[in-house]
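Chemist: Each chain is listed here by its residues.
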Amino acid sequence: MSNNSKYLIFLGCAVPYRVSAYEISARKVLAKLGVELVEMPEFNCCGLPLDPVSHEMMLVLASRNLAVAEKTGLNILTLCPGCAGTLKKVTKILKDDKALREKINAQLKESGLEFKGTVVTKHIMQVLMEDVGVDNIKKSVVKPLTMLKVAEHVGCHLLRPKEYIGFDNPEDPQTLKKLIEATGATCLDYIDETECCGAPSVGVSDKVALQLARDKLNHVKMVDAQALITICAFCHIMFDTNELRIEKMFNEAYGIPILHYPQLLGLALGMKPDELAFNELRVDTSKLLKQINEGAN
Amino acid sequence: MTENVAASSNKEPIRASEFDPKFKYELIKMHGGEGLLKCYQCGTCTSDCPVARFSDDYRPRTIIRMAQLGLKDRILKSGTLWLCAACFTCTDRCPQDVEVASVIRVLRNLAAENGCVPQVFKDQACSILESGYAYKIPDLRIKKRESMGLPPLPKGNPEAIRKSLKGVNFMRYIEKKSERNE
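Chains A and B supply the protein sequences, listed in that same order. Residues in the first sequence are numbered from 10 upward in steps of one, following this note's numbering. Residues in the second sequence are numbered from 15 upward in steps of one, following this note's numbering.
Since the hints were made in silico from the structure, they are not lab data. Don't take each hint at face value.
[Claimed, not checked] Straight line, CA to CA, 30 angstroms or less: simulated DSS-like cross-link-like pairs of lysine-lysine:
#, chain 1, residue 1, chain 2, residue 2
1, B, K157, A, K118
2, A, K281, B, K157
3, B, K136, B, K150
4, B, K38, A, K171
5, B, K43, A, K281
6, B, K52, A, K80
7, A, K107, A, K118
8, B, K43, B, K177
9, B, K52, B, K25
10, B, K136, A, K216
11, A, K112, B, K177
12, A, K216, B, K25
13, A, K216, B, K91
14, B, K43, A, K216
15, A, K101, B, K25
16, A, K107, B, K150
17, B, K25, A, K104
18, B, K177, A, K125
19, B, K157, B, K169
20, B, K136, B, K180
21, B, K180, B, K158
22, A, K15, B, K91
23, B, K52, A, K104
24, B, K38, A, K296
25, A, K148, A, K158
26, B, K36, B, K52
27, A, K152, A, K125
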């Protein structure tokens, strides 16, 4: 299938640092669906982690990436909603505020860059929805996951603040649900679906962060979801890497596999769990994979 | 389980001398702080705040009120300021368009300018100046990429990043450490 989509892939920092399964499965799925990826010629952090201490530093770091991308003439695809949110927000801020844009461009000039505002940033979910389309995904599915009932977690930064991001409805987001249902799986509703995973509070108060993640896992467990589907490296770390820790700390038992959406989609497209780096996940997925195999036979 | 930032236990009575009536005007001139004076203390932010549900100290409405009243030192020295998860729920639901999360970010930026910077931010800034990435990606992971069939990681350009950040206020906290590493 070809749809003439070609993007610069903006990996961000958390994905290459800890979450290879997301990158591996995303690249495989996008290639299969005809989305071509080009590597960033030069990279620096999107700036989001430093916004709390220096808004100016965030603006410079984000606009550097946008200016580098402008030189290639390609739009940006990110895996991390934080990067997507930041690059979208900074594009809007600098396009709307001429004085600020001139100030930031004066900073960038030193290294031969200029922000013009011509690049569009999309998160992978947005590319799948808008460029590939649910109908095309459905046509590509060779192994419908009709035996699965899962829950989704979109997280915050792809949706909020609404005024700057302008994607989906933050109070009742539907995009990930539609993408999950395109694989044949059922997507369950649960309490406080749009609540934060807690990741940004790690390092400031681990207690608050883990309580937030626990709350989400409790709600997901309540509806008997067979897996929780994420589209963010940080949310994934919060639920997958920390699930055992949360179980131990609060005397809970979840055993809920946490999958990156491209892993779920990859299975439906006929890829093997090994190809989709299921072995990189912390929470055991063997029972889930068995259910999928039995259900499909 | 760790409580990495000391919770604010400043429940001392407020003295009249603590109020800085000019503080709010300073804040509304900053990018993101413009909406501060529109807050009428309805409490939507606090009731919808996921962090406030689990923290005994973090209350966005209280922080906004303290900012309006000019309790500058109390806010800027309070550890609770750093608990905001920046989920922007408060910003989206505020009936007055205060952009609560942005006002809190402005306050954090001011706290940082006044020397209160949690170590994690200094570490990330140093890492960005050295490699472009906010975390030091282990060599093992970089090598492993090839065996996983992943392309090499795009490189950062430390010299160019440094040039672009020249004059940015926050640089003074990291200059020393990163120079040593060059």
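Chemist: For each hint, tell me whether it holds in the structure or not.
Modeler: Hints, verified against the model:
The hinted pair formed by K157/B and K118/A fails the criterion: a straight-line CA distance of about 34 angstroms is larger than 30 angstroms. Between K281/A and K157/B the alpha-carbon distance is near 24 angstroms, which keeps this suggested pair within the 30 angstroms criterion. Between K136/B and K150/B, the direct Cα distance comes to roughly 13 angstroms. Compliance with the 30 angstroms bound is thereby established for this hinted pair. Note on K38/B and K171/A: the hinted pairing holds, with a Cα-Cα distance of about 26 angstroms set against a maximum of 30 angstroms.
For a cut-off of 30 angstroms, the pair hint linking K43/B to K281/A is broken: about 55 angstroms separates their Cα positions. A distance of roughly 41 angstroms separates the Cα atoms of K52/B and K80/A; the hinted pair therefore is violated under the 30 angstroms criterion. For the proposed pair K107/A and K118/A, the alpha carbon gap of about 16 angstroms is at most 30 angstroms, so the pair holds. Straight-line distance between C-alpha atoms of K43/B and K177/B comes to about 27 angstroms, which keeps the hinted pair within the 30 angstroms bound.
With a C-alpha separation of about 26 angstroms, the suggested pairing of K52/B with K25/B holds against the 30 angstroms cut-off. Of the pairs offered as hints, the one joining K136/B and K216/A holds, with about 22 angstroms between alpha carbons and a cut-off of 30 angstroms not exceeded. At roughly 14 angstroms between alpha-carbon atoms, K112/A and K177/B fall within 30 angstroms of each other, so this suggested pair holds. At most 30 angstroms may separate the alpha-carbon atoms for a hinted pair to count; K216/A and K25/B meet this at roughly 22 angstroms.
Distance check on the hinted pair: K216/A and K91/B sit about 21 angstroms apart at the alpha-carbon level, within 30 angstroms; holds. Between K43/B and K216/A the alpha-carbon distance is near 35 angstroms, which puts this suggested pair outside the 30 angstroms criterion. Between K101/A and K25/B the alpha-carbon distance is near 41 angstroms, which puts this suggested pair outside the 30 angstroms criterion. Using a Cα cut-off of 30 angstroms, the hinted pair K107/A and K150/B is violated, with the two alpha carbons roughly 35 angstroms apart.
Restraint check for K25/B and K104/A: the C-alpha separation of about 44 angstroms exceeds 30 angstroms, so the hint is violated. For a cut-off of 30 angstroms, the pair hint linking K177/B to K125/A stands: about 19 angstroms separates their Cα positions. Distance restraint check for K157/B and K169/B: the Cα-Cα separation of roughly 14 angstroms lies within the 30 angstroms cut-off, and the hinted pair is therefore satisfied. Between the alpha carbons of K136/B and K180/B the distance comes to roughly 16 angstroms, so the proposed pair stays at or under 30 angstroms and holds.
Distance check on the hinted pair: K180/B and K158/B sit about 35 angstroms apart at the alpha-carbon level, beyond 30 angstroms; violated. Using a Cα cut-off of 30 angstroms, the hinted pair K15/A and K91/B is violated, with the two alpha carbons roughly 48 angstroms apart. Using a Cα cut-off of 30 angstroms, the hinted pair K52/B and K104/A holds, with the two alpha carbons roughly 25 angstroms apart. Between K38/B and K296/A the CA atoms are separated by roughly 57 angstroms; this puts the pair beyond 30 angstroms, and the hint is violated.
Of the pairs offered as hints, the one joining K148/A and K158/A holds, with about 21 angstroms between alpha carbons and a cut-off of 30 angstroms not exceeded. Proposed proximity of K36/B and K52/B is supported: the alpha carbons are some 16 angstroms apart, at most 30 angstroms. Taking the CA atoms of K152/A and K125/A, the gap is about 44 angstroms. The hint is violated against a cut of 30 angstroms.
The structure is inconsistent with the numbered hints 1, 5, 6, 14, 15, 16, 17, 21, 22, 24 and 27, although it conforms to all the rest.
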